[in-house]
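Novice: Each chain, letter by letter, is given below.
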Amino acid sequence: MNKIISAIFGFLLVLSFTTNSYSRDQIKIVGSSTVYPYATVVAEKFGKSGKFKTPVIESTGTGGGMKLFCAGVGANHPDITNASRAIKPKEKALCEKNGVSEIIEIVVGNDGISFAHAVSAPDADFTKEQLWRALAAKVDVDGKLIENPYKKWSDIDASLPNKKIEILVAPPTSGTRDAWNSLVMVKGCTKTAKSLHEANGKKPKKACTRIREDGYAVEAGENDTLIVQKLTSNPDAYGFFGYSYLIANKDKVKAASVEGVQPSLEGIQDYSYPIARPLFFYVKKAHVGVIPGIQEYLKEFTSKKAMSNRGYLAKIGLVPLASDKYKVTRTAAIDLNVINIK
Amino acid sequence: MTKEKRLKKRHNAEKRFRFYGLASIFLALLFVLILVQNIFSKGSSAFMKTAINVTVFYDPELLGVKNGATKDEILEADFFDITIDTLLKTFPTNNLDEENQLIDLFTTDAELEIKNALINNSNLLGKTVSLEITSSDDIDQLHKGNYPRDLPEERRRISNFQLSIYDNFLENKKIIKNFNNYFFKNGDSRDPEIAGIGGALVGSFYSILICLLLSFPIAVLASIYLEEFAPKNKITDFIEININNLAAVPSIVYGLLALQILLATIQLPRSTPLVAGITLALMTLPRIIIPCRASLKAVPPSIREGALAVGASKFQSVFHHVVPLALPGTLSGTIIGLAQALGETAPLILIGMVAFVVDIPSTPIDPSSSLPVQVYLWSESAERGFVEKTSATIMMLLSFLIVMNFLAVYLRQKFEKRWN
Chain A
1 MNKIISAIFG
11 FLLVLSFTTN
21 SYSRDQIKIV
31 GSSTVYPYAT
41 VVAEKFGKSG
51 KFKTPVIEST
61 GTGGGMKLFC
71 AGVGANHPDI
81 TNASRAIKPK
91 EKALCEKNGV
101 SEIIEIVVGN
111 DGISFAHAVS
121 APDADFTKEQ
131 LWRALAAKVD
141 VDGKLIENPY
151 KKWSDIDASL
161 PNKKIEILVA
171 PPTSGTRDAW
181 NSLVMVKGCT
191 KTAKSLHEAN
201 GKKPKKACTR
211 IREDGYAVEA
221 GENDTLIVQK
231 LTSNPDAYGF
241 FGYSYLIANK
251 DKVKAASVEG
261 VQPSLEGIQD
271 YSYPIARPLF
281 FYVKKAHVGV
291 IPGIQEYLKE
301 FTSKKAMSNR
311 GYLAKIGLVP
321 LASDKYKVTR
331 TAAIDLNVIN
341 IK
Chain B
1 MTKEKRLKKR
11 HNAEKRFRFY
21 GLASIFLALL
31 FVLILVQNIF
41 SKGSSAFMKT
51 AINVTVFYDP
61 ELLGVKNGAT
71 KDEILEADFF
81 DITIDTLLKT
91 FPTNNLDEEN
101 QLIDLFTTDA
111 ELEIKNALIN
121 NSNLLGKTVS
131 LEITSSDDID
141 QLHKGNYPRD
151 LPEERRRISN
161 FQLSIYDNFL
171 ENKKIIKNFN
181 NYFFKNGDSR
191 DPEIAGIGGA
201 LVGSFYSILI
211 CLLLSFPIAV
221 LASIYLEEFA
231 PKNKITDFIE
241 ININNLAAVP
251 SIVYGLLALQ
261 ILLATIQLPR
271 STPLVAGITL
281 ALMTLPRIII
291 PCRASLKAVP
301 PSIREGALAV
311 GASKFQSVFH
321 HVVPLALPGT
331 LSGTIIGLAQ
341 ALGETAPLIL
351 IGMVAFVVDI
361 PSTPIDPSSS
371 LPVQVYLWSE
381 SAERGFVEKT
391 SATIMMLLSF
401 LIVMNFLAVY
411 LRQKFEKRWN
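Top line first, the protein sequences correspond to chains A and B. At position 181 of the first sequence (counting the first as 1) the number is 181 in my numbering, and the numbers step up by one without a gap. At position 70 of the second sequence (counting the first as 1) the number is 70 in my numbering, and the numbers step up by one without a gap.
Be aware that one or more of the hints could be misleading.
Unchecked claim - Heads up, simulated PhoX-like pairs for lysine-lysine below, C-alpha to C-alpha not over 25 angstroms straight-line:
1) A:K90 with A:K187
2) A:K53 with A:K90
3) B:K185 with B:K42
4) B:K232 with A:K45
5) B:K115 with A:K45
6) A:K51 with B:K66
7) A:K45 with B:K71
8) B:K115 with A:K48
9) B:K115 with A:K305
10) B:K71 with A:K48
11) A:K51 with B:K185
12) A:K144 with A:K202
13) A:K45 with A:K299
14) B:K71 with A:K53
15) B:K185 with A:K48
16) B:K66 with A:K53
Simulated from the structure, these hints should not be mistaken for laboratory data.
Produce the entire structure from the sequences given, and follow the hints as far as they go.
Specialist: Right, dumping it as C-alpha cells:
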C-alpha cells in the first residue's frame, strides 16, 4: 500500500515538474471554422516539408478563438487564431489587457458567393432584403411576423419578374451556407423582423437565417457542380455557390447582380460586391522565435504556391487577394508588421 | 367470477407479460443488429486500400545523389521530379491538363512512398523496381464501389479521361487491394487515403492510462475507508449521497471544471492526453467507488470477525482478508468505468482535444485527439473517403469496449467467491 501512495505522490511530482518546464515545439492554432479547411491544408503541407512539427489546429469559431488567443502570452496560449472577420475593438482591448500587445494580421484571401442562374434566363438584380424575403422561413408583412407568403418574385416587389421563386440552397453543413447566412440572411433581415423575433424570445441572428421549407427553397447536395447542372436545365431556378464555380462554368450559368453589382474577381477582392468577406488569421509576435516554425508557417501560408490564383488554396475554393493586398500581406508575414491595437 | 375464470385470467396475464418481455428483447436486439450492420457495411472497406502498381527507376542523376549514397544523402534528395516522371509513365497523356488529371489519381503522398522505398533499401539506387503506390481517395472509393460511375461526367468527381485510365489499369491488373496499414499507422490528414487513427489510438491510450493511474488507487482507498473504517454518521451519509450524485453528473460538467481549474488555473497544456486523463479520472472516480463499495459490502462480516478473533488488527483484517475477496468486483467495476471514459467526447471538446493533429503524440503532454473525437471530426468532413473511415473508427472503438467488458465479466466470474 505504501508503494501505491508513493507512486501517486511520485506521479504528482512528475506532473508538476513537467508543467513548470513545459514549453512547446509545435504551433498551436485556434479559431474560425471557415478558415479551418484552408489552415489544415497549409499545416499538413508545412509539416510534410520536414523541419517542423505539424501545427495543431482547433476549430473553435472566430469568437472563441479570439478569447483563447487574447488570454495571454506564453506556451499555454495559442500562437495563431483564424478569423472570418476582422478583430473587434473589444477583443483588441482584451488582448492588450492580457499583455498580447503585438499582433500580426494576415489576410488569407476572400470568401465570395455568387447568386446565379442559367445563361438563357433574363438578367436580374436583387437587393439583400429581397433575397432574404425570398428565402426566409418567416418574414414581416405589415408589422407582423408570418410564414413566408411569397410565391413569385413579383409578390416581393412589383419590379421583379413574374416568375415562381425557386432557389437551390447549399446544405447547412457547408461553409457557403454559413457565409450566405451571415452576409445575406442576417444583413437582409429587416429591423422589424429582427425585433419581432426578439419579442418571441428568439435570437434574431439565428431566426433570420432559418430557410423556408415549403418547397420554394430546395436543398441541393454538397456537390456545387450538381447545382450548376440543375440551373442549366431550369432557367427559372437560382442557386448560390463559391465564385470559383461561376468562373469554371461561365458557359452554363451567369450571376445575378446583388445591390446592382455583378460579382467579379476585383469586386470580391475590394468588397464592392456585397456578398464577399475577407478571411484572416492573427499571429502573436511575442511567440515568433520562441515557438519554432511560426515564421516559416507564415511564409508557407503566404507563398505564391498557396495563396496565388494558381495556388493550392484557390483549388479548394479561396478567392485569392488582389495583387496589391497580397503584397501587403506578404510583407506583413515576412517583416512581422504588427497592427495598432489601441 | 368463477375460480376457473380467475385462474385463466391470471395465466393470461402471465402469458402477456412473457410476450411483452420477449418482444422488447427482440426489438432491442434488432436495433443493435441494424446499428452494427450499418456500421460494418460502411466501415469494413476502410481496412483495405487501393494501390496502383508502377515502375520506378531510381535515377541517381535525377535525384542528384551518387551511387552508394548514405541514408542522410537520400533523405536530403528531392524526389519531386522522379515522382512526376514515374506517375506520367503509367499512361500516355497529350497536354498539361491530362497530366494533372493523371497525377491526381495517385495519393498526395506518392513522393513520400517512393522516397521511403529507397530509404528502406538503398540498394535500389540506379535500379528499376515495381512499387505499389496508394491511389487517390476518388479512385479508392470508385474501386470499392462506394462511388457511382454511371453518372454523367458533370456530376462526377472523376472525369471521363480519368475513368479511361482507371479501366486501362484494371485491364492490365495494375490495381491492387492491400491491407490499409495507413489507417492504423498515420495520424489525421485532410486526404482520406492517408488519414489514420494512429494518433487517436495513442491519445486514447495515454488518456485512459492516466485516468486509471489516478482514479483506481483513489477510488479503492476512498471506498475502503468509507466502508470499513469511517464511522456511520451524518457526515458520511452526506458524502455517500454526494458520491452517488456525482456519478450521475453529465460529463460535460467535468469538462467545464477541467477548463477552469486544470487549464486556466494550473495552466496545464491544452489538447493533451494528460488533461484528458485527469478530467476523465474525476468523472470516473464516483463510478468506480460505487461498485467498489458494493463489493466490499458483499464480503460477509464473518470474515472480518474471524480475522479479529485470531488477533488481527483492524487494518490487517481489512487488507489481508476483506480487500482480496472484494477485488474481483472492484476490478470489473474499474474496467467498466474505464470503458465509459474511453467513449467520452463531451468533456474533451472543452479541453481542446477536438483538433486537427497530424503528428502522433509521443508523450502524454503532446497534443492529441482521441478515438471518439476522431469519429466526430471525420463525420463532419465532406470528402467521400471519410464516410468509411468514420465507421471503421467506430468499429475499433466498439471492439475495444467489447474486449474491456468481456474482461470485466471474465475477472468477476473467475475470481469471485460465492457465499452460500
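Novice: Starting from the hint list further up, note which numbers the structure goes against and sort them upward.
Specialist: Those not satisfied are hints 2, 4 and 16.
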